[in-house]
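Novice: If you're matching positions, the sequence shown starts at 0 in numbering that gives the first Met the number 0 and goes up one per residue.
Because the hints were derived from the structure by calculation, they are not lab data.
Keep in mind the model is a prediction, meaning the values are calculated, not measured.
It is possible that part of the hints are untrue.
What the hints assert, rightly or not - Here are the simulated DSS-like cross-link-like pairs (lysine-lysine), alpha carbons at most 27 angstroms apart as the crow flies:
#	residue 1	residue 2
1	K121	K202
2	K49	K131
3	K173	K131
4	K121	K54
5	K121	K49
6	K54	K173
7	K49	K173
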Amino acid sequence: MAPTSIIFLMPPPNVEFVQGFPGIPHHLPERPPAMIRGVVELRPSGSSVKARWVKIELRKLETLPGGGQLNTEIDCVGETPITLWQARNEWDEIRSQDLSFQIRVPESIPPSLALERRAGIKYELVATMLTKSKKGILKRESTQNVTASCQIVIDKHELHSAWPMYARPESSSKMLDGYTLTVNRTHQAYGPGDRIAVQTLVKNDTPQVNQVRYYEFSLREYVMYKPAGNQNGTRKMMTQPQTRTRAIVEQRIPVAMASALHPGMRAKAELSSQVPFNQRTTTVSFANRIEVQFEIHIRAVLATGLELFLDLPITMSNWTRAQSIDVVRRIGPAGTLSNPGGVPGPVTTRPAWFEQHPMASPPQGDPQPAVGGWPPNGGVDPDFFNSRPVTFGTPPNGMAPSPSGRFRAGSWAIGSLPMAATMSGLQQPSMARISPDGSMDRWPADSEILSIRGTMSSPQQPHS
Numbered sequence: 000m001a002p003t004s005i006i007f008l009m010p011p012p013n014v015e016f017v018q019g020f021p022g023i024p025h026h027l028p029e030r031p032p033a034m035i036r037g038v039v040e041l042r043p044s045g046s047s048v049k050a051r052w053v054k055i056e057l058r059k060l061e062t063l064p065g066g067g068q069l070n071t072e073i074d075c076v077g078e079t080p081i082t083l084w085q086a087r088n089e090w091d092e093i094r095s096q097d098l099s100f101q102i103r104v105p106e107s108i109p110p111s112l113a114l115e116r117r118a119g120i121k122y123e124l125v126a127t128m129l130t131k132s133k134k135g136i137l138k139r140e141s142t143q144n145v146t147a148s149c150q151i152v153i154d155k156h157e158l159h160s161a162w163p164m165y166a167r168p169e170s171s172s173k174m175l176d177g178y179t180l181t182v183n184r185t186h187q188a189y190g191p192g193d194r195i196a197v198q199t200l201v202k203n204d205t206p207q208v209n210q211v212r213y214y215e216f217s218l219r220e221y222v223m224y225k226p227a228g229n230q231n232g233t234r235k236m237m238t239q240p241q242t243r244t245r246a247i248v249e250q251r252i253p254v255a256m257a258s259a260l261h262p263g264m265r266a267k268a269e270l271s272s273q274v275p276f277n278q279r280t281t282t283v284s285f286a287n288r289i290e291v292q293f294e295i296h297i298r299a300v301l302a303t304g305l306e307l308f309l310d311l312p313i314t315m316s317n318w319t320r321a322q323s324i325d326v327v328r329r330i331g332p333a334g335t336l337s338n339p340g341g342v343p344g345p346v347t348t349r350p351a352w353f354e355q356h357p358m359a360s361p362p363q364g365d366p367q368p369a370v371g372g373w374p375p376n377g378g379v380d381p382d383f384f385n386s387r388p389v390t391f392g393t394p395p396n397g398m399a400p401s402p403s404g405r406f407r408a409g410s411w412a413i414g415s416l417p418m419a420a421t422m423s424g425l426q427q428p429s430m431a432r433i434s435p436d437g438s439m440d441r442w443p444a445d446s447e448i449l450s451i452r453g454t455m456s457s458p459q460q461p462h463s
């Protein structure tokens with residue numbers, strides 16, 4: 000029988016190799032640290048085989064674009080390799096048996112990742128047995144490593160967008176040539192299908208009158224590859240890191256009938272976009288050769304051609320919000336991740352003029368009974384993250400509901416598609432403009448005015 004058939008790797012019955020929640024600090028005895036558990040099955044082709052040791056290890060493989068052995072860095076994870084069996088003498092007979100093992104998963108390792116051109120991060124579980132072949136008439140004694148391996152997928156659970164730590168108000172500003180662009184947000188982590196919503200303010204501190212022509216809103220992915228260089232022989236050459244930028248979502252939002260932006264006044268707008276459901280790349284910060292970061296890019300273009308822009312870093316998860324909510328509930332309290340103030344932001348208190356976004360953390364209290372004692376103190380209602388604003392009427396084509404969700408002038412904002420491409424039939428789209436007081440006004444379509452008038456003029460029927 001072939002030597003490769005005498006050793007196998009098997010997970011525990013009815014479970015996976017990875018147990019626990021990698022990336023989450025352990026809290027004994029309620030939450031033990033993340034482990035990789037399994038069994039090494041030894042099945043010699045005969046009754047026994049001479050061996051010196053049996054070892055198990057977890058390997059991390061970081062592969063740069065192009066793949067191959069030269070572009071792959073292999074590291075051992077944790078305190079591996081672990082010796083499962085050791086011969087008392089130099090060589091001992093080993094018979095058919097099962098050797099159980101467990102490997103602790105460090106909290107700082109990067110998640111499994113698949114990128115273009117065979118690049119990415121993989122984990123392999125490798126079991127090795129050093130054997131000694133029998134001596135024959137025409138055959139000398141020799142040693143051989145008999146191995147068995149399987150691929151392990153590791154997800155990092157501190158990246159879930161449902162953690163309260165990522166639901167905190169934050170304000171960022173940038174000044175250029177007397178104009179100030181301020182972007183306010185209430186969430187810093189997203190997953191596939193999540194809606195990214197921000198509020199922008201453009202303030203004119205110059206003596207000239209200007210206008211905001213349009214906004215640009217995009218979600219960008221930055222992948223950095225850090226080669227180790229060629230160190231073969233006496234030649235040592237360190238190459239520069241390579242960065243690849245990809246726009247996941249891009250949209251231009253024009254401002255129809257924009258009012259003049261007089262000195263000292265502010266123009267306010269609410270921008271939103273959705274993360275594609277097929278987004279599978281996640282944030283990677285602790286790898287040696289690969290780094291993946293995400294940013295939202297906001298740009299305001301004025302009538303004079305001046306461009307104000309801000310880049311805000313975000314955390315990207317490869318779990319949908321429903322999946323994240325379920326996993327966060329099962330994990331329970333997890334230190335700073337469960338604290339809305341776990342990582343202080345530039346703004347620790349919500350400004351009086353800042354409107355609540357649908358993805359923001361609700362006020363402290365107990366909005367609804369917690370299940371199983373979680374969340375603590377009613378800090379975050381998981382269903383609140385999936386809520387949508389309730390508005391009056393139906394938005395016209397090409398328009399999206401405002402994050403504030405109030406029925407007022409300006410409660411519809413232009414969506415990701417241009418207005419000219421979404422007009423159909425006799426439907427009249429609404430026109431949006433920025434008023435001098437900084438709010439975003441809207442002229443309702445004729446069909447909406449008729450429906451509102453019809454509702455107001457209808458006599459109320461008495462109850463029977």
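Novice: Please go over all the hints and tell whether each is borne out by the structure.
Specialist: Verification of the hints:
{"no.": "1", "hint": "K121 - K202", "result": "violated (48 angstroms)"}
{"no.": "2", "hint": "K49 - K131", "result": "holds (5 angstroms)"}
{"no.": "3", "hint": "K173 - K131", "result": "violated (70 angstroms)"}
{"no.": "4", "hint": "K121 - K54", "result": "holds (20 angstroms)"}
{"no.": "5", "hint": "K121 - K49", "result": "violated (33 angstroms)"}
{"no.": "6", "hint": "K54 - K173", "result": "violated (56 angstroms)"}
{"no.": "7", "hint": "K49 - K173", "result": "violated (71 angstroms)"}
Checked against the numbered hints listed earlier, the structure breaks hints 1, 3, 5, 6, 7; every other hint is satisfied.
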